[in-house]
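Enquirer: Top to bottom, those sequences are chains A and B. Mapping to this note's numbering: the first sequence position 23 is 40, numbers consecutive. Mapping to this note's numbering: the second sequence position 89 is 91, numbers consecutive.
Hints are not guaranteed to be accurate.
[Unchecked claim] Calculated cross-link-like contacts (lysine-lysine; reagent style DSS-like; alpha-carbon spacing at most 30 Å):
| id | chain 1 | residue 1 | chain 2 | residue 2 |
| --- | --- | --- | --- | --- |
| 1 | A | 47 | B | 39 |
| 2 | A | 202 | A | 192 |
| 3 | B | 10 | A | 188 |
| 4 | A | 73 | A | 47 |
[Claimed, not checked] Pair ranges (Cβ atoms, derived):
| id | chain 1 | residue 1 | chain 2 | residue 2 | range |
| --- | --- | --- | --- | --- | --- |
| 5 | B | 56 | A | 40 | 20 to 30 Å |
| 6 | A | 58 | B | 28 | 36 to 46 Å |
| 7 | A | 68 | B | 55 | 39 to 49 Å |
| 8 | A | 75 | B | 40 | 42 to 52 Å |
| 9 | B | 59 | A | 69 | 53 to 63 Å |
| 10 | B | 21 | A | 65 | 23 to 33 Å |
| 11 | B | 59 | A | 60 | 35 to 45 Å |
| 12 | A | 65 | B | 55 | 33 to 43 Å |
| 13 | B | 40 | A | 105 | 19 to 29 Å |
| 14 | B | 43 | A | 124 | 38 to 48 Å |
Treat the hints as calculated values from the structure; they're not laboratory data. Beta carbons are placed, not taken as given, at the ideal position from N, Cα and C, and that holds for glycine.
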Amino acid sequence: MARTITEIQEDIIGRVNTSATLSGLTSTSKTAIWRMWTYVVAVTVWAVENLFDQHKAEVTSLIDERSPHHLRWYANKAKDFQYGAELVQDEDYYDNTGLTEEQINERKIVAFCAVVEQTRGLKMKVAKMNAVDLAPLTATELDAFGEYMQRIKDAGVNPLIVESRDADSLKLTLKIYYNPLVLDKDGARLDGTDSEPVLTCIKTYLRNLPFNGVFVLSYLVDALQKVDGVVIPHIVQAQASYSDVPFTAFDVKYSPDAGYLRIKTPKDDLHIEYLPQSVII
Amino acid sequence: MKDILFNKDIDLDIANGDLVAGFSTLQHQEMLLINNKGSFKEFPTIGIDAFGYLQDNNIGDLLRELQMQFVGDGMQVKSVDINDKGELNIDAVYGNS
Chain A
18 MARTITEIQE
28 DIIGRVNTSA
38 TLSGLTSTSK
48 TAIWRMWTYV
58 VAVTVWAVEN
68 LFDQHKAEVT
78 SLIDERSPHH
88 LRWYANKAKD
98 FQYGAELVQD
108 EDYYDNTGLT
118 EEQINERKIV
128 AFCAVVEQTR
138 GLKMKVAKMN
148 AVDLAPLTAT
158 ELDAFGEYMQ
168 RIKDAGVNPL
178 IVESRDADSL
188 KLTLKIYYNP
198 LVLDKDGARL
208 DGTDSEPVLT
218 CIKTYLRNLP
228 FNGVFVLSYL
238 VDALQKVDGV
248 VIPHIVQAQA
258 SYSDVPFTAF
268 DVKYSPDAGY
278 LRIKTPKDDL
288 HIEYLPQSVI
298 I
Chain B
3 MKDILFNKDI
13 DLDIANGDLV
23 AGFSTLQHQE
33 MLLINNKGSF
43 KEFPTIGIDA
53 FGYLQDNNIG
63 DLLRELQMQF
73 VGDGMQVKSV
83 DINDKGELNI
93 DAVYGNS
């Protein structure tokens with residue numbers, strides 16, 4: 018961004034004042050020659066900076082028009098989607114004149130997007146944020162978003178599948194060897210600050226996974242290891258399911274179909290056997 | 003108060019291949035007197051244009067304008083008048099000189 022003439026001139030005057038050879042120039046008169054020169058130079062610099070701004074804008078728009086669209090472009094465009102707004106005619110952006118930053122952000126509902134290349138076409142997985150967690154787009158929102166992507170996508174990208182699914186379900190069977198000085202036989206902290214520290218840890222871990230990231234069991238073990246009172250976390254079995262597909266077990270890692278996975282009903286999906294174990298040295 | 007100085011032709015004074023800097027109060031006063039408004043693009047309202055008052059019957063206008071402009075430029079004006087010979091006498095210094 019170009020600086021103002023005053024900013025540039027102040028910068029020059031500051032440098033003159035600190036220069037050993039020029040600091041003798043102390044006149045504050047409006048007719049002082051050295052000050053006029055700083056003004057003249059400041060105006061030229063200002064003009065050049067403005068020209069550079071224009072140049073940059075011009076080049077950026079050229080690049081925008083020319084650059085081939087990669088997967089990231091689709092993801093960025095998905096996040097630019099504004100629910101309830103019409104695109105500028107024949108363009109791939111919105112006319113936001115008169116809207117505040119807040120209003121625009123309110124319209125942008127897609128919080129996460131992953132784009133996967135397929136044998137034919139592309140698949141986009143999207144999710145929005147509700148108060149605390151990720152959530153799928155509603156049917157109406159997804160229709161609008163699908164239409165938006167169809168209008169702006171590159172020619173030939175066919176099919177462009179747009180999905181926003183409910184989280185994949187995760188079922189875990191664990192054996193937790195716990196320190197009886199910290200936890201009780203149901204896994205609650207003896208000091209009463211947390212009744213389910215293990216569940217809290219798993220939930221936090223799942224929430225912090227990157228969107229469309231891979232869920233790795235041994236990383237979860239690492240996270241559980243850090244829970245105070247857990248001596249040995251052992252995963253006996255891990256199962257996952259998406260949409261109507263029945264639960265299937267997996268050994269090492271799992272890529273969630275919806276892009277994220279959750280333990281939906283801890284009562285049914287999380288089986289933990291707590292076994293007392295003194296600290297191993 | 004120092005500035006780069008002009009020679010008597012109001013051109014840059016150059017000695018030993020370098021610009022001459024020195025006390026500049028008189029030079030500022032002269033510049034204010036002979037230039038008219040708009041000459042200084044950074045401050046378009048400064049300039050007295052003393053020559054513009056040559057045909058003027060009332061010298062009070064010139065003195066008032068002069069006083070205003072000098073004060074506006076940061077000077078303390080002790081006295082300013084025109085004697086019988088038509089010479090302009092000014093006693094004014096910059097506050098920080």
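Enquirer: Taking the numbered hints from earlier one at a time, note which ones the structure violates and give those numbers from smallest to largest.
Expert: 3, 4, 5, 6, 8, 13
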